[in-house]
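Line by line, the protein sequences are chains A and B. Heads up: the first sequence begins at 1 in the numbering used here, then just goes up one per residue. Heads up: the second sequence begins at 1001 in the numbering used here, then just goes up one per residue.
Hints are supplied without guarantee of correctness; some may be wrong.
In silico SDA-like pairs for lysine to any residue, Cα to Cα no more than 25 Å straight-line [stated by the list, open to error]: (1) B:Lys-1088 x A:Gly-60; (2) B:Lys-1204 x A:Gly-72; (3) A:Lys-281 x B:Leu-1228; (4) B:Lys-1088 x A:His-137; (5) B:Lys-1086 x A:Arg-101; (6) B:Lys-1204 x A:Glu-279; (7) B:Lys-1204 x A:Ser-300; (8) B:Lys-1204 x A:Lys-143; (9) B:Lys-1204 x A:Val-80; (10) B:Lys-1204 x A:Gly-174; (11) B:Lys-1204 x A:Leu-87; (12) A:Lys-143 x B:His-1220; (13) B:Lys-1046 x A:Val-80; (14) A:Lys-191 x A:Phe-30; (15) B:Lys-1204 x A:Glu-197; (16) A:Lys-281 x B:Pro-1282.
Cβ-Cβ distance ranges computed for the label pairs, FRET-style [to be verified]: (17) A:Asp-24 x B:Gly-1141: 41 to 51 Å; (18) B:Trp-1038 x A:Asp-24: 26 to 36 Å; (19) B:Gly-1141 x A:Gly-283: 31 to 41 Å; (20) B:Gly-1141 x A:Gly-85: 49 to 59 Å.
Source of the hints: derived by calculation from the structure; they are not laboratory data. These numbers come from a predicted model, not from an experiment. Beta carbons are placed, not taken as given, at the ideal position from N, Cα and C, and that holds for glycine.
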Amino acid sequence: MTGADISSYPESPAVAGASVLEVDDLHVEFRTRENVVNAVNGVSYTVSRGETLAILGESGSGKSVSAQAIMGILDTPPAVITGGGLLFEGRDLLTMSDEERRRVRGPGISMIFQDALSSLNPVYSVGFQIGEMFRAHRGVSRKEAKQRAVELMDRVRIPAAAQRVNDYPHQFSGGMRQRVMIAMAIALDPKILIADEPTTALDVTVQAQVMDLLKDLQRETGMGLVLITHDLGVVNEVADRVAVMYAGKIVETGTVDDVFTRPGHPYTFGLMNSIPQVEAKGGRLKPIVGQPPNLAAIPSGCPFHPRCPRRRTGAEAAPGLDCITDVPPLRIVEIGREAACHYSEEVLHA
Amino acid sequence: MTDQQQADLRHDEVEAGTTTGLAAPSVDVTDARQNSLWSDAWGELKRNPLFWIGSLLGLMFLLMALVPQVFARGADPRACDLANSKLKPSAEHWFGFDQQGCDYLANVVYGARNSLIIGGLAVIVILVLGVFVGALSGFFGGLVDSLLSRITDIFYALPLILGALVILRTGLLGRGVVAVAIALAAFGWMTAMRLVRSQVIAVKSSDYVAAARAMGASNHRILVRHILPNAVAPVLVYTTITIGVLIAAEATLTFLGVGLQRPAISWGLQIENGQSLLRTAPHLVFFPSIILTLTVMAFIMMGDALRDALDPRQRS
């Protein structure tokens, strides 16, 4: 558990300590005939009212799977939640009945997806689909649902909402589709909105508009936002705190400013170094060497050790801190910061 | 914006549809449009000439089946006079007379009833069986799916006409209208099942079902709102077209001598009787064939129009 709320983003109306969503040591694995893939291996975080937590990680780091586990939309089987707890407003989502859980989805926790086109049903008009949220959860009439759909489309700044309410998803541009998706997700004023790579499929200018919209909506409603992304720029712009994931684990958390300016884990350090720099124009990019780990065979000790330039093993390592044999726990390395590296202090002061 | 252009285009299309006079009394389509799959599909159908031609023909044959007296111009199909045997069409008797000297127009008109009943009955059985077995198979998957799919394959092994022929030859069901319909349905439901099954599987794992679930839609709602409409639309199109095919198959079975029997009146029987007299009285084959073709075409046209209407992506 990450303990007290440490959000310090000046614009955010976060209330200290009022964590709405608590993820505690979540484990998810996929069991196939051939092997077991450990997609999430002990992820913990909290999200407070009005706070934006970015979950940053490369493909296959378990960031989307952990979100799907929170939503309860994992395909089981093959996916199995093998441990941990999910608390929403103090209630454990994992012990709830299916019906109780369903009622949390929508008004409690809601989610937007990466590809808005495939996430919208092609045979219904967007107004109908937005209106469905009210019809499914509030039982309002068809007419009222449509009216509210128009209001929501206005709210997510879709131009000429009243005229476009009867249009179909394929008649919208990518950015507008994502707005429709956002309208559906915020229809019931969720306490938590999980955005799974909401801007990955969009071009850069539209990305900025969509992120601005999400930020504005958050200010209006005070919802907590979990932003899953691999885009460092997006994280830097909108998030209060960031949790960096690697091989199904959180390897570092802290405020965005801290983590971005002074990483405490060699993986984060590598990520920051890999960002193209304007000053270094014409030079070579500095990638993190090696490949992301195979989740069916995660390396022993620190999962990052095969790629880590600071790896210490054998005689080099301090007792009990051998990167190849000893698993580094996620520990507090500075006030409000945690990292899962035996030698985090060295990275911090590098 | 391209979006706006598309919207405008769409609007133009609406305008065009109403001005050609094909659409029913000018409703203000842009405003009064209800936004559900079926009402939008209807709005689209109204603008499709194919649908109007098909349904007008279909309606005509339906009326023919319901009140044949009106279409037979007062003639009784069973009131025959051998003196009139094989007379050519005339102003008085549009389709001429058959070998027994019966008014041929009356015979062809009275044949519509059996054809439509057989086509309709068989298609209802096909629809129910196909949707039910296909939905079970696709929704549950695994062992249930394997079992049901193999059973379907067994039926696939026998072609429609051959399968129906075998059933009717056993004589267990008799040779009436219901027997022919059942025989045709028994070997005609497999494609409907396959269609529903594949649709259910595709929709079940689609992103929009995951999204709907993430936003708190219940299983019931997902089934009714997402899986069924997407699964039923193609099979509805298929069955509309199939009515035509079944009517033709009935005529084929009857022609082959295993379908309806005299004194029943049917296009198949008329074509069968006429074929031996093709040289001397070609009109005996010509008229029932033309009517049969028109009926089959009517249903195929309606099916085509329905397919376009039910897929919003096909609308420009």
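Hint by hint, here is what the structure shows:
1. B:Lys-1088 x A:Gly-60: Roughly 80 Å separates the two Cα atoms, so the pair is violated.
2. B:Lys-1204 x A:Gly-72: OK: Lys-1204 (chain B) and Gly-72 (chain A) at ~16 Å, within 25 Å.
3. A:Lys-281 x B:Leu-1228: violated (56 Å)
4. B:Lys-1088 x A:His-137: violated (70 Å)
5. B:Lys-1086 x A:Arg-101: Measuring from Cα to Cα gives roughly 77 Å; hence the hint is violated.
6. B:Lys-1204 x A:Glu-279: Violated, at about 50 Å.
7. B:Lys-1204 x A:Ser-300: Violated, at roughly 38 Å.
8. B:Lys-1204 x A:Lys-143: Not OK: Lys-1204 (chain B) and Lys-143 (chain A) at ~28 Å, beyond 25 Å, violated.
9. B:Lys-1204 x A:Val-80: holds (20 Å)
10. B:Lys-1204 x A:Gly-174: holds (24 Å)
11. B:Lys-1204 x A:Leu-87: Violated, because 29 Å separates the two Cα atoms, which is more than 25 Å.
12. A:Lys-143 x B:His-1220: Cα-Cα ~22 Å, so holds.
13. B:Lys-1046 x A:Val-80: Violated, because 50 Å separates the two Cα atoms, which is more than 25 Å.
14. A:Lys-191 x A:Phe-30: violated (29 Å)
15. B:Lys-1204 x A:Glu-197: holds (23 Å)
16. A:Lys-281 x B:Pro-1282: Status violated; Cα separation ~87 Å.
17. A:Asp-24 x B:Gly-1141: 41 to 51 Å: violated (34 Å)
18. B:Trp-1038 x A:Asp-24: 26 to 36 Å: violated (47 Å)
19. B:Gly-1141 x A:Gly-283: 31 to 41 Å: Hint violated: Cβ distance 53 Å, outside 31 to 41 Å.
20. B:Gly-1141 x A:Gly-85: 49 to 59 Å: 31 Å Cβ-Cβ, so the 49 to 59 Å window is violated.
The structure shown violates the earlier hints numbered 1, 3, 4, 5, 6, 7, 8, 11, 13, 14, 16, 17, 18, 19, 20.
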